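J.: Residues per chain, in single letters:
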Amino acid sequence: MKCSDYQKLISDRMDGTLSPAGQKKLEAHLKTCQACHFYEEELKGIEAEIRKLPAVEPENLAVLEGELRERLIRAEAESRIHKHKSWGMKLAPAWAAGVFLVIAVLYLLVFNRPAERDQGLDLASLMSFEDSYLTLTQTLNSDESLNEIYNEEILNNIFEEAKYLNLEELVNTEDYQEQIINNNSDINLLIENNGLSEGL
Amino acid sequence: MIKKILVITLIGLSLTFFLAGQKASGQEPRGQMQQGNLRRNLVTLRALRMTQVLELTEQQTAVIFPELNRAEKEKAELQRQLAMEIRNLRQKIDSGKSTDEEFEAGVQKIRELRHNIQAREQAFEDFLFSRLTPVQKARYIIFSLEFNRVLMERAQRLRQAGQKIK
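Chains as they are written, first to last, in numbering that gives the first Met the number 0: chain U, 0 to 199; chain W, 0 to 165.
With the rest of the complex left out, here is chain W (with noise of 0.2 Å):
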């Protein structure tokens, strides 16, 4: 049953970010559809590995899976938009035409989306941690610490390994 609701949640969540990228595909840059892919790819690893790592049961399962992929379509679209913006205030400063006001628009944009993504992944955990152990909570809490910090090593390794490559 477990797996029966890992199934079902993860293809839901690649459907929803298949039928994004194709909607989107059109109107943005190859870069931003390769993040997308990343980002569903590491949404759903990071998934199975939590399954593991917390022994969830089927009732657990069964009531966080339906949260974790709402919260994650949620903040998926906001970190496509913060992204964007991102690039957008990048331009403005390299092409030195931008005003004051478009300045801090950008800015307020960049802002304003950051704590909407802050609040979103903290409203997720605060509903994840009302439904686990106390141990499951502590090995939630070594795991994003692991899983992420593995993620950002990797990447910089990658990194300096294309940078010696050039």
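The following block holds chain U by itself, in its conformation from the complex (with noise of 0.2 Å):
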């Protein structure tokens, strides 16, 4: 595996989607290859400056922007008056664009993060297997894409444990490849279809 795989790994293990296989390797890795290592501190200090933030609703992002914008063409003004004035000074629009960029992109994190931890799930029915499956199969019901694309992901990390396992004669079975089978080309038919994206 390169690194750009192990930041993937650290990726997920920060959504806390990561399996106890990839922990395990993630973690062996971690301890040989400083650049991971810094990349992943790097990915929890930005997480930690985001939790600091406070909540933000969409209007108040468009009254950020807003304000953005009005500060980012005060700053062009200004500069073309003060021209003769320092290269800070120059820079300015550039700064605030800088900023403006910088801020988006910590709100973006913040709307595409994860869902709190437990947050909505009601903890008693966490606790049963049979109560989560029932309220999952409702969840995709009836969505055929959805379906495929879930299954799709259960399987690959089914492939993923086997083979930390090393249990492949698990997966080798004739029915697990006429799924992998069949499952790849609904999912490339519903890709066709819908122009949904297997990444989900």
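Please note that a few of the clues may not be correct.
Stated by the list, open to error - No farther apart than 25 Å at their CA atoms in a straight line, the calculated lysine to any residue pairs in the SDA-like style are these: (1) W:K136 - U:L133; (2) U:K23 - U:Q33; (3) U:K43 - U:Q6; (4) W:K108 - U:A123; (5) W:K91 - U:T31; (6) U:K23 - U:L42; (7) U:K7 - W:Q51; (8) U:K24 - U:Y38; (9) U:K162 - W:F146; (10) U:K43 - U:P19; (11) W:K108 - U:N140; (12) U:K162 - W:Q155; (13) U:K23 - W:A137; (14) U:K43 - U:T31; (15) U:K43 - U:L71; (16) U:K43 - U:N140; (17) W:K108 - U:Q137; (18) W:K72 - U:E167; (19) U:K7 - W:Q155; (20) U:K24 - W:R153; (21) W:K72 - U:K30; (22) W:K72 - W:T56; (23) U:K24 - W:R45; (24) U:K162 - W:F128; (25) W:K91 - W:F102; (26) U:K162 - U:L42; (27) W:K72 - W:V52; (28) U:K162 - U:K43; (29) U:K162 - W:Q107; (30) W:K72 - W:R113; (31) U:K23 - W:S143; (32) U:K1 - U:L17; (33) U:K24 - W:T98; (34) W:K136 - U:T16; (35) W:K108 - U:S124.
Said to hold, decoys possible - Here chain W is said to cover these stretches of chain U; the calculated rule only asks that three of the stretch's residues, wherever they fall, bring their Cβ under 8 Å from a Cβ of chain W: (36) 11-22; (37) 29-40; (38) 67-76; (39) 91-97.
These are calculated hints, taken from the structure and not from any lab test. Just so we're clear, the structure is a prediction, and the values are computed from it rather than from any experiment. All C-beta atoms in this analysis are idealised placements derived from N, C-alpha and C, irrespective of residue type, glycine included.
Got two chains here, each in a separate frame; can you build the complex from them with the hints?
T.: What follows is the structure in structure tokens.
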């Protein structure tokens, strides 16, 4: 595996979706790779900064964007007046644009962040696999595309675990192979029909 | 030896679902077939992860996995019936043609199935806890919560993404 693969695992771990097998592999790699270790520290730092931000509503984002645009325009106007001033002042619009970009990216990260742990999920139901399964089937209910993509993710996890545990014979059975072929052709068809992305 | 038990149990479980799927393929809608595959894969993944998290001994694996297999076969069938009854109930509401008695019968059937599923799950958990050490029991509870939470969050994320695309 390359460092870029491990960096994906780091991201999965922060999302709470990394398997125990993946965890062990990643831990082993982090002990020896300083670049990936720094990468993880950097991500943790960004996440910590994001967590410090107040809760954001979409309308607040629009207000923030408006304010930043105003500041940008003001900065541009000032820079025109004070052209003779220092390089720092000349670069004000670039600075403002940079700040705007950084804040926009941070806010996007906040919006795209997975839901807070257990938020909106009933703890008692979560303790029961059968209750969770029933809710899961009702959530995915009657949507073939969601079922296919979800199943594909689970299959990938099984292959990863089986490989880690040296249980390849488990996934070499006729049924699994058939499922993979069916699932792949179904997913290709769904992507063609609906423009759905496999990367979900 | 643990690996051998695992492989035999999980392949046995797959085969049961596979045969049940082939038997039902002519009678059940495609969605039901998909959910059969999904359930089997979820149960397999859960068993694989559980083995690692609990660090089961060979002796524990030898007694727990056959029981897990038995419980799963029964619960899968009950869940299949429950999904069918829920679908029927939806159709009854949508059609607006059903009588009170028909609604009552549908509701009773669903309550009964749900109760049976919970009872079977509880029975397996009692069996499991009688074979685990206190640390393993604690790990099992946390593992279950985490596993189920990730399943639900993935489904919710996928559904939200699907809605955005539509």
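J.: Take the hints in turn and mark each one as holding or not.
T.: Comparing the hints with the structure gives:
1. W:K136 - U:L133: holds, 24 Å
2. U:K23 - U:Q33: Answer holds: K23 of chain U to Q33 of chain U is near 17 Å, not above 25 Å.
3. U:K43 - U:Q6: holds, 13 Å
4. W:K108 - U:A123: With Cα atoms ~23 Å apart, K108 of chain W and A123 of chain U stay inside 25 Å; holds.
5. W:K91 - U:T31: violated, 62 Å
6. U:K23 - U:L42: Within the cut-off at roughly 19 Å; holds.
7. U:K7 - W:Q51: Since the Cα atoms of K7 of chain U and Q51 of chain W sit roughly 22 Å apart, the hinted pair holds (cutoff 25 Å).
8. U:K24 - U:Y38: holds, 16 Å
9. U:K162 - W:F146: holds, 20 Å
10. U:K43 - U:P19: With a Cα-Cα distance of about 20 Å, the restraint between K43 of chain U and P19 of chain U holds, given a limit of 25 Å.
11. W:K108 - U:N140: Given pair K108 of chain W, N140 of chain U holds - Cα atoms ~20 Å apart, limit 25 Å.
12. U:K162 - W:Q155: violated, 28 Å
13. U:K23 - W:A137: holds, 21 Å
14. U:K43 - U:T31: Holds, because 19 Å separates the two Cα atoms, which is no more than 25 Å.
15. U:K43 - U:L71: violated, 30 Å
16. U:K43 - U:N140: violated, 36 Å
17. W:K108 - U:Q137: Answer holds: K108 of chain W to Q137 of chain U is near 18 Å, not above 25 Å.
18. W:K72 - U:E167: Since the Cα atoms of K72 of chain W and E167 of chain U sit roughly 23 Å apart, the hinted pair holds (cutoff 25 Å).
19. U:K7 - W:Q155: The hint holds at about 21 Å.
20. U:K24 - W:R153: The given pair, whose Cα atoms are some 23 Å apart, holds under the 25 Å limit.
21. W:K72 - U:K30: violated, 43 Å
22. W:K72 - W:T56: holds, 24 Å
23. U:K24 - W:R45: Given pair K24 of chain U, R45 of chain W holds - Cα atoms ~19 Å apart, limit 25 Å.
24. U:K162 - W:F128: violated, 29 Å
25. W:K91 - W:F102: holds, 8 Å
26. U:K162 - U:L42: violated, 28 Å
27. W:K72 - W:V52: holds, 23 Å
28. U:K162 - U:K43: violated, 29 Å
29. U:K162 - W:Q107: violated, 45 Å
30. W:K72 - W:R113: Distance of about 16 Å is within 25 Å: holds.
31. U:K23 - W:S143: Distance ~19 Å between K23 of chain U and S143 of chain W Cα, so the pair holds.
32. U:K1 - U:L17: Answer holds: K1 of chain U to L17 of chain U is near 17 Å, not above 25 Å.
33. U:K24 - W:T98: At roughly 59 Å apart (the allowed maximum being 25 Å), T98 of chain W and K24 of chain U break the hint.
34. W:K136 - U:T16: holds, 22 Å
35. W:K108 - U:S124: Holds. K108 of chain W to S124 of chain U sits at ~21 Å (cutoff 25 Å).
36. 11-22: holds (count 5)
37. 29-40: Violated - the region 29-40 of chain U has 0 residues with a Cβ nearer than 8 Å to chain W, which falls short of three.
38. 67-76: Per the Cβ count (0), the hint is violated.
39. 91-97: violated (count 0)
Hint check: violations occur at hints 5, 12, 15, 16, 21, 24, 26, 28, 29, 33, 37, 38, 39; the rest are consistent with the structure.
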